[in-house]
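Colleague: Spelled out, the chains give:
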Amino acid sequence: MFRVGISAEGADPCRRGNAGHIASGDLKGARAIFRRIFPILLVPLTGCSGVQSALAPAGEEAAGIYQLLLVMVVGGVLVWLAVVGLLLHAARRRKVPWTEEQAGRLILFGGVAFPVAVLLALLAYAVWLMPVIRPWFTQQAPQPEMIEVTGEQFWWRIRYPAVDGMPAFETANELRLPVGERVAFSLEAADVIHSFWIPVLGGKMDMIPGRTNTSSLLPTKTGVFRAPCAEFCGTSHALMAFSVIVMEPADYLAWRRAQAAGNGTRGSEGERLFAFHGCAGCHGIRGMTQAASLGPDLTFFGQRQTVGAGTLANTVENVTRFIRNPDAVKPGAKMPAFDMLPAADIAAIADYLVGLK
Amino acid sequence: MTERAELSVEERKAQEAELREVWQTPSGWRYWTSVNNTEIGLWYGSAAFLFMLFAGVLALLVRVQLAVPDNDFLSADTFNQAFTLHGTVMMFLFAVPIFEAVAIFLLPSMLGARELPFPRLSAFGFWSFALGGVFVCGSIFFGAAPNTGWFMYPPLATDKQYSGIGADIWLLGLSFIEVASIAAAVELIVGIMKCRAPGMRINMMPLFAWYLLIVAGMILFAFPPLIAGDILFEMERMFGWPFFDATRGGDPLLWQHLFWIFGHPEVYIIFLPAIALMAMIVPTFAQRPIVGYSWIVLAAVGTGFLSFGLWVHHMFTTGLPQISLAFFSAASEAVAIPTGVQIFVFIATMLAGRVIFSVPMLFGAGGLAIFIIGGLTGVMVALVPFDWQAHDTYFIVAHLHYVLIGGMLFPVVAGVYYYYPLLNARKLSDRLGKIAFWLMFSGFNVAFFPMHLAGLRGMPRRVFTYPADIGWDWFNLISTVGAFIFAAGVAIVVIDVLRPKHREPKGEQNPWNAGTLEWISEPEEKWGVRSIPIIKSRYPIWDQPNIIEDIKAGRFYLPDAKDGARETLVTSVLDAEPIQCLRVGGTSVLSILAAFSLGGVFIALTFHWWIVTTVCAVMTLAAIIAWLWTGTAVIPKEEIRDVGLGKTLPLYTSGPQSVGWWAMFITMAGDGTAYASLMFGYFFYWTIHDDFTAGHAGPGTLWPLAAVGLFTLAWLAMLAARKANEGDRDARTRLWLTLSALLTFAAGCAGLAGPYLTGMDPTAHVYPAIVWVVTLWTVVHGGVGVIMQAYCLARSLAGRMSARHDMDLRNVVLYWHFLVITAITSFGVLGLFPGLR
Amino acid sequence: MRLIPKEIESLWTLFTAPTIWALHFLTCYITAAIHCAKADTAASLGTTSLVLGMVTVAALAGIALSAYLAWRQWGFGSGDPPHDEPTRRDRLLFQGFATLLLSGLSFVAVLFVAVPLVFIEACQP
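Chains as they are written, first to last, in our numbering: chain A, 1 to 357; chain B, 1001 to 1837; chain C, 2001 to 2125.
Worth flagging that the hints you see were computed from the coordinates, not collected in a lab.
Mixed in with the good hints, there may be bad ones.
[As the list claims (entries may be wrong)] Quick list of simulated restraints, FRET-style, between CB atoms:
#, chain 1, residue 1, chain 2, residue 2, range
1, B, L1050, A, P161, 55 to 63 Å
2, A, W128, C, L2023, 20 to 28 Å
3, C, G2053, B, F1680, 47 to 55 Å
4, B, T1247, A, A254, 25 to 33 Å
5, A, D327, B, V1057, 24 to 32 Å
Heads up, the beta-carbon is just placed ideally off N, CA and C, and yes, glycines get one too.
Next comes chain A alone, as it looks inside the complex (with noise of 0.2 Å):
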């Protein structure tokens, strides 16, 4: 069976992949000391914080955004020092108080002046980088992939379309995109509104029941990240997230072909109560079952980082847990509980569906 390496580190986000440490080698002049001090003031905290960070870029958006973050944080900053100082100093008392003409220069040329010249610089940057960092698909060449990605409550449905000679395929809740090829998303929402956003990509896009909305991003680096929805979308909003993947683009290739073959069957028990306790009426493992498209998809379960769409890590415990009462772990989540089924059956299928690798 066809493994990615990736798959077997931890659920543990600390450990996975190296995302929120910048590379310094390409950093120049200023930019450089932007870099450099930035993060240590906007990430005070050292530790696991990066997989879902709008602060370590891993995609051409994120880092255009960065960067526009970066000049506005020093800008702000200046402001207000300056700002507060001159409030303050206007609170103490002093001897001469300042003439009506001085006042009124003072508003003139703060309080009008400067705003408006730095606005509007700001406001062209902005706008300019609009198109730079979400460009024209029609300037592209060739057209980007476009991966449906379809928000449910609470959990994604992925498909991704067929491809030199490997057939179209859908999963869930897990996003693998290569490095350094621009991906095109074409977002639906099922049932209410939900958004898609990737922060260590990019800024998100909502997913509007009625209405196809797309988006595309281009990954710059490989690693191990987490995407929540961000537009609520019900009880267990909290509780949905996806995680991507970004790898070599021979890995990733490589997944492909082996997640459109699908699992094949492996005879087990688990495999056989799966079906007959009918968890098969909605869920698809392709190659084992019938399409089922209800719920999520199941093929290659045990690569998954997370169950329940990043509601736990992907253990037998926890897979378990979740059939047996998916309410307790996810509230309002569609699917009924299994509770009445006898624990060794539970235990077999969750056995079964973490060993899909």
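Using the hints provided, position chains B and C relative to the given structure of chain A.
Modeller: Same frame as chain A, but now just chains B and C:
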């Protein structure tokens, strides 16, 4: 003309006795029927503060839940109810009403008026607000509170299984409160434009009044789109009309547009009045007039306009074209300019004066320091690319609290410390004030600053829990600690306000040596100003010698009361020349009756109790008609009134001279805005679909055009009725009124016939639904028009309307101008547009 | 030359410039929105941007005119603030000055809103 009248001691005593009698507050249970602005303002403010404390407790619960990762202090659903209610209550039941309260309390005396022009309307607004507020807040104790966020995005909020009755409570409860806000806006606009003391030209108005005028105007154009949205929303929830249901041609984004067309101006509706308080406090403590009065006016008016071009910046991630986003980004950057101007005006005023530092200034300056951070992060999130990352993260939570707490709560607390002596002639404690300030200031920053970082590190908003070790644990724990420090500060303010002070000696009437007129009002007298002065300065108390003594001695206008009526002066808009002596409504139970029965309508609707709804609606109508019949357009015993200083003024005016006409005009401007929002919906559906009729039959052209023709004829008949009345021909007036009513009835039937006869089913698709909604809106307005005509007819028959006393008819004709525009637009578009495409 | 009769002086002169801003803003937003909704999302903005550019120039001209009228009402800068005398003259000067300031703000705001026309060339989200 003399400028001061000399009165003997006996005359003064007699006048004071008369005034006291007329303006007295009723005792016993009847106390609650009082409509005096000082009572209503105080109740309003206290109620708003209670709601604030309630919502604050909800926030603390939220913070406890988020203190540590994977916490289970609150269940997911309770958490969702708590944050939804926190946002809703803070916005609708505290931030907006508190300014209405302060305005109703302060404005009359600040403008040198006895009362605002419609005191019973203020009372009606207050009772609506209180009842609606209790209804909305109470829901959480039954686990039935709204749980979809204060923004109520469909389709989550239209999903009955998920949101249960909570969404209805939100929609109907708040619609009711919005009615109260619009009532307050009408009251304030007319009050500020028409009830200023003689000589208070627009260049002499206190800045507070300028701000409030702009804010009330903003309410008038910002709240109606939300009311229109609420109507669409409730039609979908109750009857399945698919306005936001994508499977039947609707679009969830329309709600977002309507909500934020309201929601963004709302931020400035909250912020400007607080800055208005600062504009009163800063000159007092700098002991000089404000530097840059015109700059403040520029900033207020500019903000008022620009704030309507910002709404899409709440929708930067919805997938609208980049060009649309960029326009709104540009306007959002531009609005920072007038905001900056105001801050520099305060700094410049302080620099040009000699600052006395005290507790109000402490809160004011601290608030500014906080607010500037919020403003700067606002400039950041208004830039589209950054918002793509920051949107719906804790960065936004931090930003909005920096703006609202720095820009609104701190100035309001400054205002409480500053104006408290107006309530009972004693100051609040300096020592407690300083402790409260430092607790609030430090607690606030500890609580909210880390949220910027949590948000940038990817923490989304509205999560009831979060996993450990993603890099948010410490930030959240620190925030929770800060929230409790902040709450302790707020508690000290509450204690300071509530602690008994009767043992302390009474202070001076104007303890801060302020220059503006609100400081002439005496806490123990209810008449507002003893006599209405002639204003010659922006800071009359500083610049007009002896003005306080002269006012108190009754040396100016209206030093007495006549016919047992409460009176104030009406002046011209620009130069404030006296034009009328206005008799305003006194103590009455009708305002409460109207408010409670209207509340009954909204509450019964929530539970789909149709019979109760109908009964309450009839009661509301009866109460309003009784209120109008007994309290408005009263024909005075004498036509003119000697107001003192050798001046006589008419007691009855109509048309643009009268305050009632202005109130109608302003109300209809708001009503027109709601209507425009519905029409925006119609064209919105046209833009998003290739064929927006989706193959459904339309209302045809014949019936809609017949409706246009009949409404126009009905309008012409109204003009004829007015003309006949001017010639004092009662019979003809009545005839024209009757004819117009019949024509209106026919017009309404023709309007309904279009969609009815073609069998348009509003539940089938959004096209029939929007056609029906526009039709019903117009027909219902026609129905209200008929009621008004019947009212005029009754007035005429009762001998209460004549050529001289034609206020009712003039106001109804004004309503008809708006109605005919509405009808022509509605039926013209419904009948012709589908063919034009 | 007097374009607006002196008699028609009311609060509304104050609102002329911001109203022009609002109309310009709405024109830009609605035109672009309809263009993008009715054309396909990849469509270029080409002509629309050009038209909106011309609308911008017209709006700026209108605001400049309002500023000129305000400047005249302010006595061509002869009557300095604070305009706080209780006279009709000071009231007029105040209105002139405030209108001039608002024209300035509106002018800048129109310029801001025109910035996207320079950088954004397609309808894509």
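Colleague: For each hint, tell me whether it holds in the structure or not.
Modeller: Outcome of the hint check:
1. B:L1050 to A:P161: 55 to 63 Å: holds (58 Å)
2. A:W128 to C:L2023: 20 to 28 Å: holds (27 Å)
3. C:G2053 to B:F1680: 47 to 55 Å: violated (26 Å)
4. B:T1247 to A:A254: 25 to 33 Å: violated (40 Å)
5. A:D327 to B:V1057: 24 to 32 Å: Holds: the Cβ-Cβ distance is about 28 Å, inside 24 to 32 Å.
When each numbered hint is compared with the structure, violations occur for hints 3 and 4.
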